[in-house]
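**Q** Listed in order, the protein sequences are those of chains F and Y. Numbering follows full-length UniProt numbering, in which position 306 of the first sequence is assigned residue number 306; successive positions increment by one, without gaps. Numbering follows full-length UniProt numbering, in which position 243 of the second sequence is assigned residue number 243; successive positions increment by one, without gaps.
Please note: incorrect hints may appear among the correct ones.
These stretches of chain Y come out as covered by chain F in the derived footprint (C-beta under 8 Å, 3 or more residues) [unchecked claim]:
hint, segment
1, 107-115
2, 176-184
3, 191-202
These are calculated hints, taken from the structure and not from any lab test. Just so we're clear, the structure is a prediction, and the values are computed from it rather than from any experiment. All C-beta atoms in this analysis are idealised placements derived from N, C-alpha and C, irrespective of residue type, glycine included.
Take a look at the letters that make up each chain.
2 protein chains.
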Amino acid sequence: MLDQHAAGPRTPGTATRGETVPTVPPAETAADAVDVSALLERGRTLATPVLRAAVDRLAPPMDTVSAYHFGWIDAEGNPADGDGGKAVRPALAVLSAEVTGAAPEVGIPGAVAVELVHNFSLLHDDLMDGDEQRRHRDTVWKVHGPAQAILVGDALFALANEILLELGTVEAGRATRRLTTATRALIDGQAQDISYEHRDRVSVEECLEMEGNKTGALLAASSSIGAVLGGADDRTADTLEKYGYHLGLAFQAVDDLLGIWGDPVSTGKQTWSDLRQRKKSLPVVAALAAGGSASERLGEILAADAKSSDFENFSEEEFASRAALIEEAGGREWTAQEARRQHNTAIQALHAIDMPDRVRDRFTALADFVVVRKR
Amino acid sequence: MLDQHAAGPRTPGTATRGETVPTVPPAETAADAVDVSALLERGRTLATPVLRAAVDRLAPPMDTVSAYHFGWIDAEGNPADGDGGKAVRPALAVLSAEVTGAAPEVGIPGAVAVELVHNFSLLHDDLMDGDEQRRHRDTVWKVHGPAQAILVGDALFALANEILLELGTVEAGRATRRLTTATRALIDGQAQDISYEHRDRVSVEECLEMEGNKTGALLAASSSIGAVLGGADDRTADTLEKYGYHLGLAFQAVDDLLGIWGDPVSTGKQTWSDLRQRKKSLPVVAALAAGGSASERLGEILAADAKSSDFENFSEEEFASRAALIEEAGGREWTAQEARRQHNTAIQALHAIDMPDRVRDRFTALADFVVVRKR
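Only chain F is shown next, with the shape it has when bound in the complex (with noise of 0.2 Å):
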């Protein structure tokens, strides 16, 4: 039951497509000072040789699908210099090994090993969902087949438990049971976002329930596992994956907010891209769920849709007035509203334990950025 988060009725919104997403003015805190590019860069730093290196182990052609899925080489082979994403899980895995008062260093494998396991992810949910671009590029499986997809998928998702237990230490163990968890839960997450897809309605419940196990569980895991890795107690690294998984919901609601109203160069996505997929997404469900005439309206009109066989011919102001929709329900709002809320809980665990200030002035800075940030 989610009744006190339930959209109410509310002013109809003004903002339009490419406007700042509401979301939360941090108070002026020592967060401000925190310089998050640069701690995104060291996550990226730190890890990516070591992700190259374990990648160089797959046998051919593996080890070429893999590095043209993480942008390092073009469709033809040829040297490139992709987006490599935001890089938030590295950075939050070498983070959390300070925790423990350990270097950031002692994140490694750990940051490795959550890359590996969401690009694992990757590669297996754009061939079942059948998308074909991600982050302006073909997809694995459009360039190199369904079959390369699949085997480079597994081998992602072993090398990942390798790169941990070869550690052999108790501490590696732990960290892959926990690492483990998220996986499942993840696939868990896919399950149900299949799932979804065949059904009319969903609740705002299932859509959090679906979005905490497909983001929220591996941000949990990213969170913990360097600490883990440094020796940290199951108390603390239960503590920071709550951090993490609820940064996860802030994340993913914030993600639901540009896929609807994103601006398309920052996204790199279509605009109305979520509405296009008929994504039954956070700001959906919240203003199907609100009551009220807008959100009827909508509901009639997504239904029709769903019959629609010309939806794809669909002009920008028929996906516009449906946008316009959902923030008259309420959906746009209670999603921005649901953001902060996620962000304030994600904080809040982070003073139920001890750690240097100085790191948990890190991790407030990277929450922080996961809610304001344009893409």
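With chain F held as given, fit chain Y onto it using these hints.
**A** Using the frame of chain F, we list chain Y on its own:
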């Protein structure tokens, strides 16, 4: 280099399809007194309830799809009593626990984990290879669609690690690491198998390497995993893996013989099954490597077949004549000898380490069974 193995000239064979594959006539040993059926049944009885409980952890519809794959229910969801296969892996896993003097039950999580990894690979391989039938039933991707085959395969792989790591012991970490190494080999083998399909010629060495990866590695892990869980040292585990690896190669050599000359009533496959699939199995690659007139004629015919648009309509006689050429070139005899060589290497490994005689006899009996089986 396999010069000493090279398929030499031989008296043209007289054996025909359905006849017993000529393999090891085991010397009279204590292993003869072992009841192999009971040993296989013990592995199945110990592992199955835990395997079913593990699969029950999966979220719908993955639990149901898995139950269909394992033959516990039919495509409509009704209870079924499917053919779960020979169950050599769980039998080896629980037996290996006894090497250390532990109870066979100590090997159960290992038995379940190897079965989960084996079935993960079947689910994905059937989809990659486009195989529509397994054990006389439609494959999962055929019944439940490709996305479920990918997803449930992923889930079984993750579950394998979960089952081991939740033991929370140092031994479980070591067992998971060895299983991960085997899984990586399994994936390498499938990559090789796929790449060989697009090639005209595959060498005997390449074929053996691929079969070692696809079959040897997981039988190796099965043969050591119980011992590792029981606290065996690395040398003992390595030696048991050597036994299992060569057992796997013997197993696969026999499989390759049955794939051409097996009795369809026993194997449940079509006549000349591997020839219909143009599989570059051991008898074929050995025959092509042997040289001589039959070998050359075979090479010409198979090259023509590869280009033939009428291949699917070939008659029984056309496949029979190819099988006869493989035999005339020495491919059948070479493969039967190879099964014996691998069997012997496996048995020798058993004598390099200490274990109760009763346990060694059972390992020996399982190896004997693998090479004399008819399905």
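**Q** All the hints need checking, so say for each whether the structure fits it.
**A** Consistency of the hints with the structure:
1. 107-115: Violated: only 0 residues of the segment 107-115 of chain Y have a Cβ under 8 Å from chain F.
2. 176-184: holds (count 6)
3. 191-202: Holds, because 4 residues of the segment 191-202 of chain Y bring their Cβ atoms closer than 8 Å to Cβ atoms of chain F.
Hint 1 from the list above is the single one not met by this structure.
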